[in-house]
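Participant: Chain residues, written in single-letter form:
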Amino acid sequence: GAGVSQSPSNKVTEKGKDVELRCDPISGHTALYWYRQRLGQGLEFLIYFQGNSAPDKSGLPSDRFSAERTGESVSTLTIQRTQQEDSAVYLCASSRRQLQDEQYFGPGTRLTVT
Amino acid sequence: QQPVQSPQAVILREGEDAVINCSSSKALYSVHWYRQKHGEAPVFLMILLKGGEQKGHDKISASFNEKKQQSSLYLTASQLSYSGTYFCGTRGAGSYQLTFGKGTKLSVIP
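These protein sequence lines are chains W and P, in that order.
Number 12 in the numbering used here belongs to position 12 of the first sequence; there are no gaps in the numbering.
Every number in the numbering used here is 1000 more than the matching position in the second sequence, counting from 1.
To be clear, the hints were calculated from the coordinates, so they are not data collected in a lab.
Where a beta carbon is used, it is the ideal one built from N, C-alpha and C, also for glycine.
One thing to keep in mind: the hints can contain errors.
To be verified - Here are the simulated BS3-like pairs of lysine-lysine, each with C-alpha atoms no more than 30 angstroms apart in a straight line: (1) 1102(P) x 11(W); (2) 1068(P) x 11(W); (3) 1102(P) x 15(W); (4) 1059(P) x 11(W); (5) 1037(P) x 57(W); (6) 57(W) x 1068(P).
What the hints assert, rightly or not - Just a few of them, taken from the derived set where beta-carbon distance is under 8 angstroms, the chain W residues facing chain P: (7) 42; (8) 43; (9) 48; (10) 56; (11) 106; (12) 107; (13) 108.
Given these sequences and hints, build the entire structure.
Facilitator: This is the structure:
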């Protein structure tokens, strides 16, 4: 079946603009995660959704970052007033149900803020 | 807190063995291992849960010392395809977050 998909694959934006990153999880997966990966670094947790609710938003770096999920499916990560330090690869992952299920990662969106 | 992985990098010849370690300063409920090849998404290897349960691929082995908050990933008879960066992710009891280490870069050469 289809894996996790993300769009766009690459995004170049000017400092101060808003961007929206999209994630389509594997069908039937109720858990969805967003991570940020800076060049040469590990994965930084941003937010976790169980269904459409986000019990843990503590990883969001600032109030410029927000995320939502609708229909227990698609999720959107929005970054307002982008800064150069937001440049990174943003990865989305989904898992069947529980926190202890394996996570399936999407290919990521490479965001470059100029 | 971010778990500490060691070594940071290792080079192996095909057929050699390696151990990658992951250590945390906080009590852990589970440890997750992923491998990421350059330019690709991370791929699941194994989950180790407090109490001894494990989920993962048959060809991968790992251990989880709950008292020491440490986990080790064992790669035996390495193949070229094992090359990549290995990340451990740790989760504390009651936490939703999976906190990843900085990774261990493994290079297998012929």
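Participant: Can you name, in rising order, the numbers of the hints this structure does not satisfy?
Facilitator: 2 and 4
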